[in-house]
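Trainee: If you want the building blocks of each chain, they are given just below.
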Amino acid sequence: MPAALLMASEASFTVNGPLVVASFDLFGITWNLTETVIIQWIVMLVLLAVMLIITHKMEVIPKTRRQVIAEWIVTFAQDMVDTTMGPKYRGYTTYIGSLICFLLLNNLMSLFGLKNPTSDISVTGAIAVITFVLTQFNRAKTGGFKGYFKSFVDPMPFMLPFNIIGEIANPVSQALRIFGNMVAGMVIGGLIYFALGNFAILVPAVMSLYFDVFSAVIQAYIFTTLTMAYISGAECE
Amino acid sequence: MDEMKILANAIVLGASALGAGTAMIAGLGPGIGEGICASKAVEAIGRQPEASGAVTRTMIIGDALAETTGLYSLVIALLLLYANPLFGSLTSALEKFGG
Chain A
1 MPAALLMASE ASFTVNGPLV VASFDLFGIT WNLTETVIIQ WIVMLVLLAV
51 MLIITHKMEV IPKTRRQVIA EWIVTFAQDM VDTTMGPKYR GYTTYIGSLI
101 CFLLLNNLMS LFGLKNPTSD ISVTGAIAVI TFVLTQFNRA KTGGFKGYFK
151 SFVDPMPFML PFNIIGEIAN PVSQALRIFG NMVAGMVIGG LIYFALGNFA
201 ILVPAVMSLY FDVFSAVIQA YIFTTLTMAY ISGAECE
Chain B
1001 MDEMKILANA IVLGASALGA GTAMIAGLGP GIGEGICASK AVEAIGRQPE
1051 ASGAVTRTMI IGDALAETTG LYSLVIALLL LYANPLFGSL TSALEKFGG
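Sequence order for the protein chains is A and B. Residue numbers for the first sequence follow the numbering used here, beginning at 1 and rising by one. Residue numbers for the second sequence follow the numbering used here, beginning at 1001 and rising by one.
Hints listed in this document are in silico derivations from the structure and should not be mistaken for laboratory results. All figures in this text were calculated on a predicted structure; none of them were measured in a lab. Don't take each hint at face value.
Unchecked claim - Facing chain B, according to a computed beta carbon distance under 7 Å, are these residues of chain A, among others:
{"#": "1", "residue": "Asn-170"}
{"#": "2", "residue": "Ser-173"}
{"#": "3", "residue": "Leu-176"}
{"#": "4", "residue": "Gly-180"}
Stated by the list, open to error - Pulled from the structure, derived: some chain B residues nowhere near chain A, Cβ distances all over 12 Å:
{"#": "5", "residue": "Ala-1041"}
{"#": "6", "residue": "Gly-1046"}
{"#": "7", "residue": "Gly-1053"}
We put the beta carbon where it would ideally sit given N, CA and C, even for glycine.
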């Protein structure tokens, strides 16, 4: 028996995972091409197109409005990196800037009636794993081989298991945070539409303003800020 | 035998619904934590209005960290409602004892 509590009656509210558009077998594993992957491709294409348009034919002194917008985005990302990570880490600006643009568009996809890619745990998990790898990379780069392993037995050798658990808990909580917020918005929005039925006027719009717009922007910002905090916090002395 | 299966399923369903509701009591903690966080941020901005940017940034990160425990409980509640792992063990237990 599939365990969907609310599926008991016919006209009820259900929450589904991402639709599987196509699946194929490769190397003995079934690979599913889901709805969220395709929406992410759309997001990437839109980002690429917008970025190509606004950076087209740039000049030293900006004359066009699109170049002002492009410069504002770059300055915003640079300021974020400078204030949170320090000027030493300015090389991460490209990653941080693209991460916040990508997450913001992904979170706002529910406004267009699509499923949020970030309400799929595989998507947020994958981005959190990138953060985890960058964190370990920065730790190894600043501390070297010795400093990397020494940071795990810091300040006392018996702290080793706690340090390892703490290190693994970071990407888990980071992935669950954005996933939980987006799914909560989806579930509550769906429940409100279901409860109001044909009288769904005004109330869903106000709730959507909070869950789909405010929460989406804040979560994209928080994910990026935490990524920066984790990466620069992994630095060895 | 069928009646027993239905009864067992009904017990698991009801207990899961109760469990999901109970799990969300954990929403209390993040609520209180975020409230304290915001009140301290307001105090700090009142004392030093020129540092409002840094205070707001720190407050948002603190809020996000305080929220984590609430989200863990949300994940537990969603698991119990939509991807219940308990039915698997129920099925195997019924096979073992009742056939």
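Trainee: Evaluate each hint against the coordinates.
Mentor: Structure-based check of all given hints:
no.	hint	in the structure
1	Asn-170	violated (11 Å)
2	Ser-173	holds (5 Å)
3	Leu-176	holds (5 Å)
4	Gly-180	holds (3 Å)
5	Ala-1041	holds (15 Å)
6	Gly-1046	holds (22 Å)
7	Gly-1053	violated (8 Å)
Hint violations for this structure: numbers 1, 7, all remaining hints satisfied.
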